[in-house]
Amino acid sequence: MKSNIQEKEDRVRPDGLSKVTGALKYLTDLTFPNMLYAKILRSAYPHAKILSINTAEAEKLPGVASVITYKDVPGMNRFGIIIPDQPVLCEERVRTVGDAVAAVAATSYEIAEMALKLIQVEYEELPIIDTPEKGLEPNAIKLHPAGNICHRSSYINGDIEEAFKACEVIVEETYELPRQLHGYMETEGGVVVPQEDGGITVYAATQHGFKDRFQLSRILGIPEGMIRIFSSPMGGSFGGKDELNIQPYAALLALKTNCPVKIHNTRAESLRASLKRHPMKITAKTGTDRLGKILAHQVKIIADKGAYATLGPAVLDFAVEHAAGPYIIPNIETGGVSVFTNNGVTGEFRGFGGNQITFALEGQLDRLAAVLNMDPIELRQINLRNATDLGPLGHRIAPTDSAALVLKEIQRLYQKSNTPSKDSNWKRYGSGIAIAMHGGGLGFGRLDSAGGRIFLNKEGKIEISFGFEECGQGLLSVIENIAIEEIGCSAEDIQIVIGDTSVVPVSGSSTASRGTSIVWQSMQKMKEPFKNKLIQHASISLSIPAENLYLGPTGIWELGKEEGPCMTYKTCAEGLLDSTVLTSFHFPVTPDAVNGGHFLYSFGGVKVDVEVDILSGMVKVMSIDHVISAGPVVSPKGFRGQIEGGGVMSLGYTLMEEVKMMNSQYATQNFDTYLMPNIVDIPFDTNVYAIEELYEGDIYGPRGVGEIGTIAITPAIIKAIHDAIGCWVTKLPISSEDILEKAEARGMLSWI
Amino acid sequence: MSNQVDTLSAESPVILMPTSIEKAVELKSHYGLNGEFVSGATLLQLQWLNGRKTPEQIISLEQLTELKSIQFDQHKGELSIGALTPLGSYQTHKILKEFPIICTALKSIAAPGIRNRGTIGGNIMGRVGDLIPFLSALSAKLVFQDVKGVKQIEIWDWFQQTSNSDFLLSHILIPLDRDMLESHTFYRKVGRRETFTAAILTVSGKIKWDEEGKIINAKLAVGGGDNKPMRLEKTEQLIIGRNAIHLDWKTIFSTVAEEFVAAEDAFVSSSYRKKVAANLIVAELQSQFAKE
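Which chain is which? The protein sequence lines are A and B, in order.
With the UniProt record's numbering, the residue at position 64 of the first sequence is 64, and numbering never jumps.
With the UniProt record's numbering, the residue at position 128 of the second sequence is 128, and numbering never jumps.
What the hints contain is simulated information worked out from the structure, not anything from laboratory work.
We put the beta carbon where it would ideally sit given N, CA and C, even for glycine.
Check each hint, because a few of them may be wrong.
[What the hints assert, rightly or not] In the DSSO-like style, the derived pairs of lysine-lysine whose C-alpha atoms are separated by at most 30 Å in a straight line are:
| # | chain 1 | residue 1 | chain 2 | residue 2 |
| --- | --- | --- | --- | --- |
| 1 | A | Lys742 | A | Lys660 |
| 2 | B | Lys53 | A | Lys60 |
| 3 | B | Lys107 | A | Lys620 |
| 4 | A | Lys427 | B | Lys97 |
| 5 | B | Lys250 | A | Lys742 |
| 6 | A | Lys2 | A | Lys620 |
| 7 | A | Lys71 | A | Lys142 |
| 8 | A | Lys660 | B | Lys228 |
| 9 | A | Lys525 | A | Lys8 |
| 10 | B | Lys208 | B | Lys97 |
| 11 | B | Lys228 | A | Lys742 |
| 12 | B | Lys151 | B | Lys208 |
| 13 | A | Lys620 | B | Lys250 |
| 14 | A | Lys408 | A | Lys637 |
| 15 | B | Lys68 | B | Lys148 |
| 16 | A | Lys427 | B | Lys234 |
| 17 | A | Lys620 | B | Lys97 |
| 18 | A | Lys660 | B | Lys107 |
| 19 | B | Lys250 | A | Lys427 |
| 20 | A | Lys2 | A | Lys408 |
| 21 | A | Lys8 | A | Lys637 |
| 22 | A | Lys416 | A | Lys637 |
| 23 | B | Lys208 | A | Lys427 |
| 24 | A | Lys742 | A | Lys281 |
| 25 | B | Lys76 | B | Lys94 |
| 26 | B | Lys234 | A | Lys742 |
| 27 | B | Lys53 | A | Lys660 |
| 28 | A | Lys293 | A | Lys281 |
| 29 | B | Lys214 | B | Lys141 |
| 30 | A | Lys427 | B | Lys228 |
| 31 | A | Lys620 | B | Lys228 |
| 32 | A | Lys8 | A | Lys19 |
| 33 | B | Lys76 | B | Lys148 |
| 34 | B | Lys53 | A | Lys117 |
| 35 | A | Lys427 | B | Lys107 |
| 36 | B | Lys214 | B | Lys250 |
[What the hints assert, rightly or not] Chain A side only, calculated, beta carbon under 8 Å to chain B, not exhaustive:
| # | residue |
| --- | --- |
| 37 | Trp426 |
| 38 | Ser616 |
| 39 | Thr673 |
| 40 | Leu675 |
The following block holds chain A by itself, in its conformation from the complex:
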């Protein structure tokens, strides 16, 4: 495993030891006196009318403290980050098997489980819509009052009809992408503790504590100020815990019983109720002139929204925005529609629509290169954006030459490809490359508040707070490393406070590759005022000119005096009344009013080698090289972890992961049939190369890398398979059955 990233300090991440030893307490590990355990009754059918709900028998069961239905929701019986269209507890209709109908709090999970079986729900089944296409049929049953279209999004520039007429080569293909499970280690769960004032304290993982507070306040009908959210640490999220999950049920039951209530989904419950990545069908038609210049690109996206919206509209907008990726295409028409179905709810997932659309875009480039008989890198070079070109929606973006830098590095790696030159009897080998561009932040038109706070606390620690969560991504390391770098103190001087809405400032969500970016930008804004406050205090107290003082390990130092600080942080804290510096700003955004358009982008490229077994059609990825351009690396181990981990997540997406649904019921219920890559599926030969230089004049610093490592790997694997056996795969996850048929059709097996 190679990398060009220098480990400057080799710091252990702040949460490293406790995670490795297992000592760390997740929120689902918490227990409280008199705590009750709750279970949620989910719909028996993917689509049905509820005729009646009878909880009498369940309530009589000894050990049951409370059974709730929609009648027990005092506020708005809906949730959803963008459009609150999902019932907390369904009233007269269920739209997916993940829908909640009732919930029980009892003295044990076993009793709660038994009580669920005693709840009698009378349903009248309704016809199901199990594909988006069916949802679009004119006579389709309406899943929501406004119909089955959750969202439409489009971008048009130029005249594609005319442009296609001028094309020498046109390729058209439909790409199909599956429903992926986040597969976090810790399933959704937590405890809600009622407070004496009628409020609640929520200990449950989420990617945005303040948003949960807002949504819960709406559901419970109590002011936000009466709700305190502990949202961190969490055992993985990847977007999956961004939306509310178990919090409303635990909160309603806690308030009703006046006892702490715990819910912790089993894996099977999690699979049934959680969000998934949007399955999409993307049809792309792309044409070039004789030399490979793309003249026209037409893209149609149809996304399976499942039953409710959550962040789906934004995911579709993101896919539409990235349809042209890092290429300059003069005539483009992208149209997307996200359609309600009775399948499981789809929503936010690392990559956020970028994975799906880039699979189609890079697939088109590779097919064009094949038809044009052209080197795939050269074709990309011809069409690649220049540093000051407009963004993919024709909007202004922070100038960047990263696309070209990444492609150049990928070219170098591609040229020294280590594919075995001679195929063995039943194995075929190939290499492939792909590149990607990925917007960070929420995009134009979205409230994207950022900010942080720093002060010297009573214990003499430099307390740094952000309204972010640690979901395993390494945020604590990022904060620590940036603080040490910008302030000059040591790791021991810092106390990081995150994940508690009662004490942290508003920083926005821990999503959209925005964390690192915001921490760095906040520190740029806060460091000088903070340093000045401390230095001024020391200067006056010690009668030393302020210009001779600086912040260092353990305290404030005087220039030229190396033996120790002239004032420790502890002493400084005792004398300095107010050292607090707060910052609040909007995430950098394009000045052009384009819906969802991003301003800061990161870039990534991947080169892979694969082995195809032509006896079984099985594909094995033999090596992965990542090239990432996202500004300076803040936290070397964290950076590599994000990129390698992101790559593995998409390797699974490409090769094996699919939450299969049949007639809107889950065909897979657990990790015995939902397969994710394990260590043997991952190439040891995985390398991460960072391009750390930012474009001249770029003032935005390091970008987050939570997502960029997941994007380009899929099309690179597909290209490598093409290189190995000469066939294109259009549907994910790759089916070994399909590969085998292709191998047979090409006469690779002499006995068939």
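With chain A fixed as given, assemble chain B onto it according to the hints.
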């Protein structure tokens, strides 16, 4: 209320831990259907979780150390494996390490943590394990014991009978030729990922031939996952007696594909399983006999 709550909790079975085979089979005879032999409990755990009835009495075999021994009888050419030998023993046991094909088969089952607890006997007695077709191809024999005494039976014959769980599997006997030059043994597992996954299929075989290249014996078996383990008897007949250079690959392929009664589920089709099994068998035979 708390007392009532206790009566509602799930019933826990009694765990009995006999220290001799005699005691174990006696307990089984005593409790009949209410008692169940349990070794590593890796497969049973999964089945209990998925609704299989937990027995009132679990007869744990863990203390029967005599069933963990492995011996190779040079004279008879027979490997004897104690039923309680952990699946992971291929990594540590000196004798097992000398038989790479057995190690390959064991290594393909589950994951390291499970192989530490799961046993070879348990894999067989669960009746769905990957070892059944493999050991059938090797003509292994099973040694059973009950209160009345000891009996031996060919694994394939045992598998075709209805299960009688009163018997305790004590040993597996595998005939192994010392002269490996004129035989080829193979085992291949195909899963939806590289490891720790139910098999899409397994193929196993043992082929023996004479100096002229005439195949004098062949045992071929398929199974794995939801496929019922089966011997490919038509394919065996097709190749026995033939000279290796006259093998008709197309016919072998189609015979295997036709003969294999392959499972079908939401993830993998039956026809795919048939084709892959046939491909693997043809490729294994070609690796020995095909003249390029």
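- Item | Which numbered hints fail | As far as the earlier hints go, not one is violated by this structure.
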